Amino acid sequence: NAGVTQTPKFQVLKTGQSMTLQCAQDMNHNSMYWYRQDPGMGLRLIYYSASEGTTDKGEVPNGYNVSRLNKREFSLRLESAAPSQTSVYFCASSPWDSRGETQYFGPGTRLLVL
Amino acid sequence: AQKITQTQPGMFVQEKEAVTLDCTYDTSDPSYGLFWYKQPSSGEMIFLIYQGSYDQQNATEGRYSLNFQKARKSANLVISASQLGDSAMYFCAMRGWDGQNFVFGPGTRLSVLP
Numbered sequence: 001n002a003g004v005t006q007t008p009k010f011q012v013l014k015t016g017q018s019m020t021l022q023c024a025q026d027m028n029h030n031s032m033y034w035y036r037q038d039p040g041m042g043l044r045l046i047y048y049s050a051s052e053g054t055t056d057k058g059e060v061p062n063g064y065n066v067s068r069l070n071k072r073e074f075s076l077r078l079e080s081a082a083p084s085q086t087s088v089y090f091c092a093s094s095p096w097d098s099r100g101e102t103q104y105f106g107p108g109t110r111l112l113v114l
Numbered sequence: 001a002q003k004i005t006q007t008q009p010g011m012f013v014q015e016k017e018a019v020t021l022d023c024t025y026d027t028s029d030p031s032y033g034l035f036w037y038k039q040p041s042s043g044e045m046i047f048l049i050y051q052g053s054y055d056q057q058n059a060t061e062g063r064y065s066l067n068f069q070k071a072r073k074s075a076n077l078v079i080s081a082s083q084l085g086d087s088a089m090y091f092c093a094m095r096g097w098d099g100q101n102f103v104f105g106p107g108t109r110l111s112v113l114p
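Residue numbers (my numbering), protein chains in the order written: chain A, 1 to 114; chain B, 1 to 114.
Take these hints with a grain of salt, some might be off.
[Stated by the list, open to error] With a Cα cut of at most 16 Å, we get these calculated EDC-like pairs of lysine to aspartate or glutamate:
no., chain 1, residue 1, chain 2, residue 2
1, B, K3, A, E59
2, A, K9, B, E44
3, B, K70, B, D55
Keep in mind that the hints were calculated from the coordinates and are not lab data.
A quick note: this is a predicted structure, and the numbers were derived from the prediction, not measured.
Using the sequences provided together with the hints, build the complete structure.
As C-alpha cells, then:
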C-alpha cells in the first residue's frame, strides 16, 4: 500500500516548456487535489476532483490544466511554464464527503522554471 | 469564503514544555472540519488531529490536543511535553460544508530548544 505517489520528484523547466505532473493513489479515494506551496507559505489549491470524471478550479487555477484519468490517477499539466510557477506541488486524496476525513498527501514535486 | 488565519509566523519552546499554536477561521458554513498538519524540513505533510464543528469535546491525539472555541472561531493546537522532533511548520486547515474544498493557513514555524 503506497498511499499517494507523485512523479517526478524534481524537475527543471525552461520558460515556455510544458510538462505533466503525475499523481496516483491506491486507497480507493474518490476525491483528489493538486496544491502548490511557495516558500514560507501554506498550500493553495489549484484544482480538485470530487470523483472520477469531474474536476473543479481551486484558488489558483490559471496556467494549469488537470485530468482525472480514472479513480486512481489525477494529473496536472503546465502548458507553457513560467518562472512564477516555480513551487512545490503536492497531490492529495481523500474519501468522499466526510468532513471528518483528512487528506493524504504525496511527497511533493519540486519544480524550478528558469 | 473560508479563511484560516495563523498569526504566529514563528514560535520557540523549550524542550518538555507545552506550546499553543493559534488558529482562527472564518466561514459561513453550518458544518465544517478543522485539521492540523505538521510539515518537517523533509517536506511531507503529516496529519495530526481533527475537530468537527459539532463535536462536543475537544479532540486529543497523544501529545496533541485541540482547544476548540466555536463562538470565537478558534482552533488552537496544544502540544504537550515538546520534543526536539516537534520542530517543524504547522498548518491549520478547514474543510467546508461541501466536503471538498480544503483551505490552509500560512503556517507557524515551531522551533524546540534543547
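Hints versus structure:
For the hint linking B:K3 to A:E59, the alpha-carbon distance of about 12 Å falls within 16 Å, and the restraint holds. Taken as a hint, the A:K9 and B:E44 pair is honoured in the structure, with Cα atoms around 12 Å apart against an allowance of 16 Å. A threshold of 16 Å between alpha carbons decides the hint, and for B:K70 with B:D55 the separation of about 10 Å falls inside it, so the pair holds.
No hint from the list above goes unmet by this structure.
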